[in-house]
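Just so you know, the sequences run in chain order Z and C. Its first residue numbered 1, the first sequence is counted upward by one per residue in the UniProt record's numbering. Its first residue numbered 1, the second sequence is counted upward by one per residue in the UniProt record's numbering.
It cannot be assumed that every hint is accurate.
Remember, identical chains collapse to one label, so a pair may be satisfied in a single copy or spanning two.
[Unchecked claim] For lysine-lysine, the following DSS-like pairs were computed, each having C-alpha atoms within a straight-line distance of at most 30 Å:
#	residue 1	residue 2
1	K57	K111
2	K97	K23
3	K77	K229
4	K106	K23
5	K111	K43
In short, the hints are calculated from the structure, not lab data.
2 protein chains.
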Amino acid sequence: MSETQHLTTGSKKPLFPDDGVLKLYSMRFCPYAHRVHLVLDAKNVPYHSIFINLREKPEWFPQVSSTSKVPALELVKEPGHPVLIESLIICDFLDEKYPEVPLYPKDPLKKAQEKILIERFGQFITAFYRLVLHDNPDQLSDTDHYAGLDIYEEELKQRGTQFFGGSNPGMLDYMIWPWCERFASLKFTIGDNFELNPDRFATLLKWRDLMLQDRAVKCFYLDGQTHAKYMSSRRAGNADYNML
Amino acid sequence: MSETQHLTTGSKKPLFPDDGVLKLYSMRFCPYAHRVHLVLDAKNVPYHSIFINLREKPEWFPQVSSTSKVPALELVKEPGHPVLIESLIICDFLDEKYPEVPLYPKDPLKKAQEKILIERFGQFITAFYRLVLHDNPDQLSDTDHYAGLDIYEEELKQRGTQFFGGSNPGMLDYMIWPWCERFASLKFTIGDNFELNPDRFATLLKWRDLMLQDRAVKCFYLDGQTHAKYMSSRRAGNADYNML
Numbered sequence: 001m002s003e004t005q006h007l008t009t010g011s012k013k014p015l016f017p018d019d020g021v022l023k024l025y026s027m028r029f030c031p032y033a034h035r036v037h038l039v040l041d042a043k044n045v046p047y048h049s050i051f052i053n054l055r056e057k058p059e060w061f062p063q064v065s066s067t068s069k070v071p072a073l074e075l076v077k078e079p080g081h082p083v084l085i086e087s088l089i090i091c092d093f094l095d096e097k098y099p100e101v102p103l104y105p106k107d108p109l110k111k112a113q114e115k116i117l118i119e120r121f122g123q124f125i126t127a128f129y130r131l132v133l134h135d136n137p138d139q140l141s142d143t144d145h146y147a148g149l150d151i152y153e154e155e156l157k158q159r160g161t162q163f164f165g166g167s168n169p170g171m172l173d174y175m176i177w178p179w180c181e182r183f184a185s186l187k188f189t190i191g192d193n194f195e196l197n198p199d200r201f202a203t204l205l206k207w208r209d210l211m212l213q214d215r216a217v218k219c220f221y222l223d224g225q226t227h228a229k230y231m232s233s234r235r236a237g238n239a240d241y242n243m244l
Numbered sequence: 001m002s003e004t005q006h007l008t009t010g011s012k013k014p015l016f017p018d019d020g021v022l023k024l025y026s027m028r029f030c031p032y033a034h035r036v037h038l039v040l041d042a043k044n045v046p047y048h049s050i051f052i053n054l055r056e057k058p059e060w061f062p063q064v065s066s067t068s069k070v071p072a073l074e075l076v077k078e079p080g081h082p083v084l085i086e087s088l089i090i091c092d093f094l095d096e097k098y099p100e101v102p103l104y105p106k107d108p109l110k111k112a113q114e115k116i117l118i119e120r121f122g123q124f125i126t127a128f129y130r131l132v133l134h135d136n137p138d139q140l141s142d143t144d145h146y147a148g149l150d151i152y153e154e155e156l157k158q159r160g161t162q163f164f165g166g167s168n169p170g171m172l173d174y175m176i177w178p179w180c181e182r183f184a185s186l187k188f189t190i191g192d193n194f195e196l197n198p199d200r201f202a203t204l205l206k207w208r209d210l211m212l213q214d215r216a217v218k219c220f221y222l223d224g225q226t227h228a229k230y231m232s233s234r235r236a237g238n239a240d241y242n243m244l
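Whole structure, please, built from the sequences with the hints as guidance.
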């Protein structure tokens, strides 16, 4: 969709043709920005990607994103070019604005239940970063790092569908995917035993293989080794944004 | 709407007539639960309040609320009596389910912008609890505790309306109100100088006076002294849930 060079302090704001195409300010390895890429790609909404060096941000970036964070989505067709922030708010907006490929259930109750499952995934995200950022992985064996995943295994088994969204990925699938994709980096950073137990997570592992075949997932996919390389550079205090 | 006795360990799950009326599990002083009371009252949706002692929860409560937290809303008319959690998810659901008194703008972009302002209020919530829970208020004078409020002052001034929602309170008004109401407790707990500067926050102070006249706000309102009394009991490690 665009080159992956990250703009940094001193760089000019990129100029685009007056084509009305959405501008997504992102960072190639940010899982929250990843969510927005997935939703835009799933909905076939064209967009320009502008990647930002988050350690040395361009001087103009705070004028674009009110919190200086990515993801930020600039709506160039709207008067004043408003910018939306916060991954879940942006994705909910996209689902309302581009309803042709709906990602949430229509029923308000079912939609709220999907949002609760998206929110509760935060427990696994916390456990994931505890693993990634831990100084001594040997000390980690006593904790059950995957406790946050059990409800998703159980939920998908109960639904009996290929994806949480049914026969195609829905909002819940895409909102949790960025960390599921990154899970494959752990065996490269902290050791071979950081794989999901195939008995305990049989349904989720089948789901993961199906997600890897999804067109939107493929659009922005990076393998475990590449995620591991980025995470190691970040851990070393020298995040290598432009490594691709 | 209901008595304010909080159910505790050993208490039985209350029985209600099979009246199809929503059940809201709440805590009388919880600002997140307060959000849901406001939305239900604003929309004139009848509900039963069930108050929970959060330090000594009834044994049956984790079966109701999957995270054992309040607010939790039980939809007794739906098959299986599903329970929703998370204040913002519940309020968004109520706005979709009961659209007669709409609280969000219809336009997806305007709605997303309201959600961003609700999200960013978290900065003030953090600053508020830093004040409330600080051991030595004398040390607090160097910090600008109200920095998180400037964008709301500016936003409401620009809108030129009585409320963020226009001529009536909308979702943004109600979602930030619980902490605005509790702000009036600070002069009782940490000192007289914790009032908002009338020059800096002229628009928000006018808004506060108007909110105090709103019917939904009045339904669940407690004055600053009462909030202060509860907060002092909580600080002392002995939260007095049943003080009303």
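Does the structure break any of the earlier hints, and which numbers would those be? Violated hint (a single one): 3; every other hint is consistent with the structure.
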